[in-house]
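Asker: Chains A and B supply the protein sequences, listed in that same order.
For my numbering, add 846 to where a residue sits in the first sequence, where the first one is 1.
For my numbering, add 846 to where a residue sits in the second sequence, where the first one is 1.
Source of the hints: derived by calculation from the structure; they are not laboratory data.
It cannot be assumed that every hint is accurate.
[As the list claims (entries may be wrong)] Heads up, incomplete: computed chain A residues facing chain B, CB under 10 Å, no partners named:
# : residue
1 : M919
2 : F1042
3 : D1046
Heads up, the beta-carbon is just placed ideally off N, CA and C, and yes, glycines get one too.
2 protein chains.
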Amino acid sequence: MRGNFLFAWIVLPTALAVLGFVAQRGDTVRGAMSGPIYTRNGDLLPPASYREWIFLSSGVDMSYNKKSAKLTMFDNVFVNAEAYRSFLVTGTWPDKTVLVLENREGKDKGSINEKGHYQGTDVMGLEVHIKDEMRFPGKWAFFGFESETRPGKLIPKAADCYGCHEAHGAVDTTFVQFYPTLIPIARAKQTLTAEFLKIDASMREK
Amino acid sequence: MRGNFLFAWIVLPTALAVLGFVAQRGDTVRGAMSGPIYTRNGDLLPPASYREWIFLSSGVDMSYNKKSAKLTMFDNVFVNAEAYRSFLVTGTWPDKTVLVLENREGKDKGSINEKGHYQGTDVMGLEVHIKDEMRFPGKWAFFGFESETRPGKLIPKAADCYGCHEAHGAVDTTFVQFYPTLIPIARAKQTLTAEFLKIDASMREK
Chain A
847 MRGNFLFAWI
857 VLPTALAVLG
867 FVAQRGDTVR
877 GAMSGPIYTR
887 NGDLLPPASY
897 REWIFLSSGV
907 DMSYNKKSAK
917 LTMFDNVFVN
927 AEAYRSFLVT
937 GTWPDKTVLV
947 LENREGKDKG
957 SINEKGHYQG
967 TDVMGLEVHI
977 KDEMRFPGKW
987 AFFGFESETR
997 PGKLIPKAAD
1007 CYGCHEAHGA
1017 VDTTFVQFYP
1027 TLIPIARAKQ
1037 TLTAEFLKID
1047 ASMREK
Chain B
847 MRGNFLFAWI
857 VLPTALAVLG
867 FVAQRGDTVR
877 GAMSGPIYTR
887 NGDLLPPASY
897 REWIFLSSGV
907 DMSYNKKSAK
917 LTMFDNVFVN
927 AEAYRSFLVT
937 GTWPDKTVLV
947 LENREGKDKG
957 SINEKGHYQG
967 TDVMGLEVHI
977 KDEMRFPGKW
987 AFFGFESETR
997 PGKLIPKAAD
1007 CYGCHEAHGA
1017 VDTTFVQFYP
1027 TLIPIARAKQ
1037 TLTAEFLKID
1047 ASMREK
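Take the sequences, apply the hints, and build the full model.
Answerer: Listed below in structure tokens is the structure:
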């Protein structure tokens, strides 16, 4: 009887409370996780639900050369929430940061819009810039996706994007200079690169 | 003694477990809550951390007339996560939906950018469209903010924005036609207005 009493009134409720507590923590952690998942051959699974991640900014027709493009194109950049929260504290990116660049066509006339551009429903391009310190020489890698549902391929280290990001990215090979809510944090935390600081004054004047 | 035993081994641990559980749920709920907070005189507190809410889309220089503007301006739209998740299921907005429209100037040359526009660090405009069924006739109201930190003022019902949203918003007085990830959901859930369905075909062709 004593054993039954203990089980019914102490062990069982305590175990259930602890289990409930752990399960809930588990849910919270799972809900927040958004780290990279690779296939056996080294491709990267498309990041699920990146549209629910933290939005960094959107640009339109941005280019490092003056060639004109045929289409108006938006680029939206998202980052996983864990990396964003870490950036707010440190001014730089932690391991397992995943930045997603999504391109959408800029539509002009539609509904009541008579001028300017809004974003179309089709994703026209998807790229991931990922920090995985143990996996990639240089810590970061780019992956290109041909669809939102199929694994993306590693972009070779010789591609221009690596050199350009390393030379011109304001923080840790990333273009924080174009993310309006992050650049003031990087400035305060003094994580801007020396290269960027040289041109910083000219950007601040504009 | 019996009373002490009960208190020390049953009542206290159970109470602590329940309190812990509730406190954690409370944290979760508080963390996720992003409903409206009004001042005594009916102003609306600026929504905290809306940049961490769900991004719906960004447009550039959108206008319902053809007048040209002096500045290139981006408009970013965010919605509270609870309302977004409800929309994914129902195709329309629940009570206490908060949509935030943020304007930022489109900058042109800066860093390596030679063409197109990226978003500047200053918020040039901030408006909230809020659904609070018990509070507002017509269920929805607009609030305009002069700063990101001071309460915003209710925009009077006679203002153009109300009539335009009611006449042309694709779902429940909101411009879901410009939110590329939501319009397919509204289409699937058949929550598009009759007025929008008339012009829908023309938008889909573009």
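Asker: Against which earlier hints does the structure fall short, listed by number upward?
Answerer: none
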